[in-house]
Amino acid sequence: MEWIRQRLDKIREPFNKGQKLEKYAPAINALDTFLFTPNHTTQKGAHIRDAVDLKRTMITVVLALVPALIFGMWNGGYQYLHQLPEYANGVPFLDAFIHGALKIVPMIAVSYAVGLGIEFAFAIFRGHEVNEGYLVTGLLIPMIMPIDIPLWMVALSVVFAVLIGKEAFGGTGMNILNPALTARAFAFFAYPTYMSGNTVWVSNAAEVDAVSGETILGTLASGNEVGYSAMNMFSGMIPGSIAETSAICILAGALILVLTKVGSWRIILSAFIGAAVMGMIFNALPSMGLEGNDLTNFPWYLHLIVGGLAFGIVFMATDPVSAAQTMKGKWIYGFLVGFLSVMIRVFNPAYPEGVMLGILLMNVFAPTIDHYVVQSNINRRKKRLKNANPQVETA
Amino acid sequence: MSKDIRIKRGLSLRLEGEAEKELVKAPRSKTYAIKPPDFHTVVPKMVVKEGAKLLAGDEIFYSKYTDEIRFTTPVSGVLKEIKRGDKRRILEVIIEADSQDAYREFGKMDASKADAKDVKERILESGCGAFIYQRPYDIVADPKDTPKAIFISAVTTAPLAADKGFIIKDKVEAFQEGINALKKLTPGKVHLSVDDSSAQYLKNIKGVELHHVNGAHPAGNVGVQIHKIDPINRGEKVWTVGVEDVAIIGNVFLTGEYHADRTIAVAGSEAKDRKYYQGTIGLNVADLIGLASDDVRIISGDVLTGTKLSNNQYVGFFENEVTLIPEGNNYRMFGWLPFTYNNIHSNSHTSLSWLFPNRKYKPTTNLNGEERALVVTGEMEEVLPMDIYPMQLIKACMAGDIEKMENLGIYEVAPEDFALVEYVNTSKIEIQEVIRLGLDLMITEVG
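From first to last, the protein sequence lines are chains A and B. Mapping to the working numbering: the first sequence position 24 is 24, numbers consecutive. Mapping to the working numbering: the second sequence position 328 is 723, numbers consecutive.
In short, the hints are calculated from the structure, not lab data. A couple of the hints might just be wrong.
Computed list of lysine to aspartate or glutamate pairs in DMTMM-like fashion (alpha-carbon distance at most 25 Å, straight line) [what the hints assert, rightly or not]:
no.: 1; chain 1: A; residue 1: K382; chain 2: B; residue 2: E520
no.: 2; chain 1: A; residue 1: K261; chain 2: B; residue 2: D782
no.: 3; chain 1: B; residue 1: K579; chain 2: B; residue 2: D668
no.: 4; chain 1: A; residue 1: K328; chain 2: B; residue 2: E777
no.: 5; chain 1: A; residue 1: K382; chain 2: B; residue 2: D835
no.: 6; chain 1: A; residue 1: K386; chain 2: B; residue 2: D540
no.: 7; chain 1: A; residue 1: K261; chain 2: B; residue 2: E765
no.: 8; chain 1: B; residue 1: K508; chain 2: B; residue 2: E463
no.: 9; chain 1: A; residue 1: K382; chain 2: B; residue 2: D625
Use the sequences and the hints to build the structure in full.
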């Protein structure tokens, strides 16, 4: 450890204050602080500080994503291989995993390389340190894409998400929309043929004859019979975006987020409640004498485990920057995310998955929700002032 | 009759190195100092020159813009040096002490019977005006104001802080007289809050509204108590006085002399003789702890709100404790990995330290990270037991948005109330400084 430290101190010499490469210090700092928590001590204010820092928080989210990612790699291979005649008797775990990993690892590499490149450039340009937020965003982006999406599309989506979604608003902490969802929305609207339909969700679908690769929501939207059991949906052995399919793995991630208090349990819980309520309303339509369709009659509890709803709620809706920031606001925000996601899902046949649009819409409204929550606090204060000295005019 | 206040949100840090409850006399320092920077916004105007012979209680400077506030010397002796910093700002007024204090005679006065005007004048001429602080803004109170109430907190919750009950136990008589005097300064109530320790000694104090406070830090902060008892509205002013300072004021009336007694707890994992010392305001830290090595941080005050001292500097005017903790200027490999380095306390659950609530920690001054943008939400609310949105207020302060700051409750807070917020903050932003600058902006813009 000492040896690495000494080497590192030597490497970073030209980057120190007053040296030639000072301008590029954020780049070397990012590497340095990745290896070592720096020796900075408190100068003003509290002399002692909590052990937590943003790196730790973000890495915790990455850890929470790992179960879903590993399952996604396996499922990516499985969905393709089990339709081939030579695997009719079952797909070995390793074959499936390797097939998926070969597709997904390059996507992650491209996403990190492009995204971190832009982050570093902006850090140097703006003269601040590299923020860790992209560690999560960079992993999320490939995880919510179809498995066969070309790498250049991943790269372009990343560029759009980081530049327009984040840096244009002032960088980490200032963005209004969740950057990962911004990337997906970009890809969805720019390259719809790669992002929807019934062939993109299974790897190499074009090679397979008579592929059954439609997502469940797609199947329902087109009025066909769903060929998967609830257990399939819960375990995630269904076609879909890379990491969205397994409710079990997502729940494991949610558990990590909630136990470490990194993700807001208020948002997760209220979003599931919101989705369930909307689902139940649709389920109740026939009893009110209205005839629903396959989507409205789809049981509400299955709505929670199919499609990207669970993944979106657990990992995207809880993004602290783009979510509501007040406690009460989080309840309202979460509920509406779930409620609107199922509503969009059912009502809009053009977008069989509603969670992306549901969350993006609520991202836009989150500041408004917060505004009203904070305003009630302000009004309370003004009322108190009025009661205390009636002669003071309240503006 | 006491009223109960329970504080639920907060964080009581358990740290190694509490001071033993044993009171010893501090050795007499050669030199004592009054540091004008201890009195935020006060611009000192000297009335004596270097070499002047002084009695304890003699005026040495006054506040340039509020000339009723006078500052007096805590010991008798010769004014040795006026230490100046940038732009000739006065940093320390150093007095070489006589071996035995001689006091200026103010004359005894029965505060409960005297005229309010005389009481106020006595407090000001003895230099005790410096002990009276004002909220909003957390600055020395302007004697021309009439506060709506006066608040005194005898509740100890800050980490390793001196126990206020222990400090006051032998000074109850002077404390009562101090209360009698303070009662004359306000048409409203004098609120005294106590915890289990200080209640033993202060429960029979007359002329106060007694509040029994329990809960985690920052329950002991007077700002939190004001917020729960009688919150400050725009245009209102309340005054606050420290527990031992009330006794000093009382002593001026009882004895006619200014006895600037200060009990100081020496605490922290690096301190050797962890005891309570009976000394005098402005004593030299070296006389309490000797010379500390470079890898020790000397803090005048507690670990959350104190100021950093070097060897041979002087303990702050208001501080009841000196805390010594190790400097943390070391690197930690992969310190960002969750669930590692669990020996460092964390309020976040990304460390396993929360599984051991009874463990005592030995914190260093390491920042445990680097400054980042504000990202994580919800962590600040957990340790600020006020009906205030901390993150929104901090952002308003950063932006200098006066109307927003006012709306969000800037009048009700002081930097010390945000000390824990600063401690738990993932983004390592110096929040107490942000709040202080916000308050300063309010002073210049609103007044």
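Hints versus structure:
Restraint check for K382(A) and E520(B): the C-alpha separation of about 39 Å exceeds 25 Å, so the hint is violated. A hinted pair counts as satisfied when its Cα atoms are at most 25 Å apart, and K261(A) with D782(B) qualifies at roughly 22 Å. Taking the CA atoms of K579(B) and D668(B), the gap is near 41 Å; set against the 25 Å cutoff, the hint is violated. Distance check on the hinted pair: K328(A) and E777(B) sit about 14 Å apart at the alpha-carbon level, within 25 Å; holds.
With a C-alpha separation of about 22 Å, the suggested pair K382(A) and D835(B) falls inside the 25 Å cut-off, and the hint holds. The hinted pair formed by K386(A) and D540(B) meets the criterion: a straight-line CA distance of about 21 Å does not exceed 25 Å. Taking the CA atoms of K261(A) and E765(B), the gap is about 21 Å. The hint holds against a cut of 25 Å. Under the criterion of a C-alpha separation no larger than 25 Å, the hint pairing K508(B) with E463(B) is consistent with the structure, at around 23 Å.
Between K382(A) and D625(B) the CA atoms are separated by roughly 15 Å; this keeps the pair inside 25 Å, and the hint holds.
Checked against the numbered hints given earlier, this structure breaks hints 1, 3; the rest are met.
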